[in-house]
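Undergrad: Residue-level listing of the chains:
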Amino acid sequence: MQKQQEGILITIVVASVFFLLIGIFLLILIFFFLRRQRKYKMEKEEMKNRFEQTLLKTQLEIQEHTFNYISQEIHDNIGQILSLVRINLNVLAENLPDVHFEKTDELLGKVIRDLRTLSHNLNSNRLQEIGIVEGLKSLLQQLEKTGKFSTEFIAPASSLSFVNKDNSLILYRMVQEVLNNIIKHAHANKIVIVVEPQGQQSHLLKISDNGRGFDTSKLQENKTGIGLQNIFTRAKMINSSVSIKSSEQEGTTIVFEINNQPLLK
Amino acid sequence: MSIAFFFEALCLVVSIYCFKALKATKMVYFIPFLLLTVLVEFIGFLSISIKDKQQNYWLYNIFTAVEFVFYAYMFSINFKLPLLRKFSYAFMAILVLFSVFNYQFLQGPDHFHTYTLLFGSFFIVFFCCCYFYEWVLPEQINQNLVKQPFFWICVGLLLFYLGSVIINALYEYLRSSDMDKEGRRIYSFINRSLNVILYSSFITSFLICKNNKKAY
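Protein chains in written order, with the working numbering: chain A, 2 to 266; chain B, 99 to 314.
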C-alpha cells in the first residue's frame, strides 16, 4: 500500500514536471520561430534595398551617359557651328550697320558662352577632374555671373575629400537640383553654401537662401515635386540624410549630412 | 512563511521600486494586485497558524476568482485582436458566475474550489497561447517579444498553470486521509516551486518596464 502511494506521488510529480517542460518547450519554440522570422524579414528587406540601390545606380548611370552625350554634342557640334556662324557673321559685317552687328555678335557670344557652361555642367568627367569642392564653387560663380545672385562659399581645406567619384557626382547633382529650385521658386538674391566637418565621420553641407521659403509640412504629406524627390532618393543612395528648414518669408536651408561610409561603393 | 511568500513580497517590493516606469503603462495595476496577494497569503498563514488551525479556504476561494478576473483583464488590455479582447471579457463574467455556482451547488463553502481553479487555469493557459499567437502574426514580427513586459507575465502564468494543473486536479485525492501527509508535502513543494517561477517572471517583467522607460 505504501509503495502504491509512493508510485502515485511520483507519477504526479513526473506529470507536473512533464507539463512544465511542455510549457518551456512551447516558449523556446516561439522564441526561435520569431527569431528566424525576423531574420528572414531583415534579409528580405536588405535584398529589396540592394535591388533598389542597383536600380537607382543604373538609372543614374544612364542619366549621366545621356548628359555626357548632350554635353559632347553641345561642345563639339552646336558650339562649333555657332563659332562658324560667328566667323561668317564677321565676314558679312562689312555690309551691315555697326549697331546691328555688334548687338548680334554680342548675343551670339553669350549663346556660345552659355552653351559651353551648360556643356561643362552636364559633363561628369570635368567634375571628376576638378573635384567636388571646385565643382560647387563653379556652380556658385555661374550664378554670380548672372548678376541676379550674390553668393558665398565657405569650406575648410580638404573638405569632402573622403567622398568618392561616384558619390561626388551624385552630391553635385543634388546641389544642382537645390540651386535650380532656388532659381525657379525661392525669389532669393543671396545663396550661401557652407561645408562643416563633423569629426572625421561626417560633413554637413548647408545650402541657404534668403528667399520666400515654403511650408515644410508639405514634405511630410509627400506633396513635393520631382526635384525634391530626386534629392531624397539620391541622398539615400550615398547614405546621406537631408533636412530642410524653412519658414515663409525667412528663407530656406537644406542640410545634407554626408557620411564617411557611403552605401554606394 | 515559505520561500514562495518571500518571492511574492520581493515581487511587490520590485513593483513599487519600478513604480515610475509602471505608472506609464497598465502594468501599474500589478501593484495593488500584488499587495492584495501578499495580504491574502499573510492572513491565510495567520488563520491556520494562530487561530487553532482554522480553515482558510473561504479566503483563497474568493482570491482565486479575483486573481483570474485580474489576469483576464490584463490579457484584455494586451490583446490586439478585438475577438480575443471580447473573449477575455466574457471569461471574466463566466468565471464569476461559475465561482458562485461552485460555491452554491458543487464544492460548497468547506472545500477548496479546485473546479474554479482548473476552469480558470485552462483559460489562462489558453489566453497565454493566444497572446503568443498574436506575436507570431506577420505585423508583429519586427518587435522584440522578449523586451515586452507582458510577455514575461505570460511566461510565468503559462508555466505556473501548466505545472499546477495535475496537482490541482488531484487535490482532493491527495487530501484523502491515507495520503494526507505525503500529499500535503508534494502539493506544497510543487506549488512553491511554481510560485517562485511565477513571481520571478513578474519581477523580470517589471525590470524590463523600467529598462524600456530608460531607453525612451
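Hints in this document: simulated from the structure, not taken from any laboratory. Bear in mind that the values here come from a model prediction, so they are computed numbers and not experimental data. Don't take every hint at face value.
Label pairs and their computed distance ranges (CB to CB) [claimed, not checked]: (1) B/267 - A/4: 15 to 25 Å; (2) B/127 - A/33: 47 to 57 Å; (3) B/271 - A/23: 36 to 46 Å; (4) A/26 - B/180: 44 to 54 Å; (5) A/218 - B/183: 32 to 42 Å; (6) B/244 - A/56: 32 to 42 Å.
Pulled from the structure, derived: some chain A residues nowhere near chain B, Cβ distances all over 12 Å [unchecked claim]: (7) 7; (8) 12; (9) 20; (10) 46; (11) 66; (12) 129; (13) 178.
Think of the CB as a built atom: it goes at the ideal place given N, C-alpha and C, for glycine as much as any other residue.
Undergrad: Could you run down the list of hints and mark each one as holding or not?
TA: Evaluation of the provided hints:
1. B/267 - A/4: 15 to 25 Å: Roughly 23 Å apart at Cβ, these two residues keep to the hinted range, so it holds.
2. B/127 - A/33: 47 to 57 Å: violated (32 Å)
3. B/271 - A/23: 36 to 46 Å: Given about 22 Å between the Cβ atoms, the range is violated.
4. A/26 - B/180: 44 to 54 Å: violated (30 Å)
5. A/218 - B/183: 32 to 42 Å: For residue 218 of chain A and residue 183 of chain B the Cβ distance comes to about 36 Å; the hint holds.
6. B/244 - A/56: 32 to 42 Å: holds (36 Å)
7. 7: violated (8 Å)
8. 12: Check fails; 9 Å does not lie beyond 12 Å.
9. 20: Residue 20 of chain A not clear of chain B: closest Cβ-Cβ about 5 Å, inside 12 Å.
10. 46: Since the minimum Cβ distance to chain B is about 10 Å, residue 46 of chain A lies within 12 Å and the statement is violated.
11. 66: holds (39 Å)
12. 129: holds (41 Å)
13. 178: Non-interface label stands for residue 178 of chain A: nearest chain B Cβ at 33 Å, farther than 12 Å.
Checked against the numbered hints given earlier, the structure breaks hints 2, 3, 4, 7, 8, 9, 10 and satisfies all the rest.
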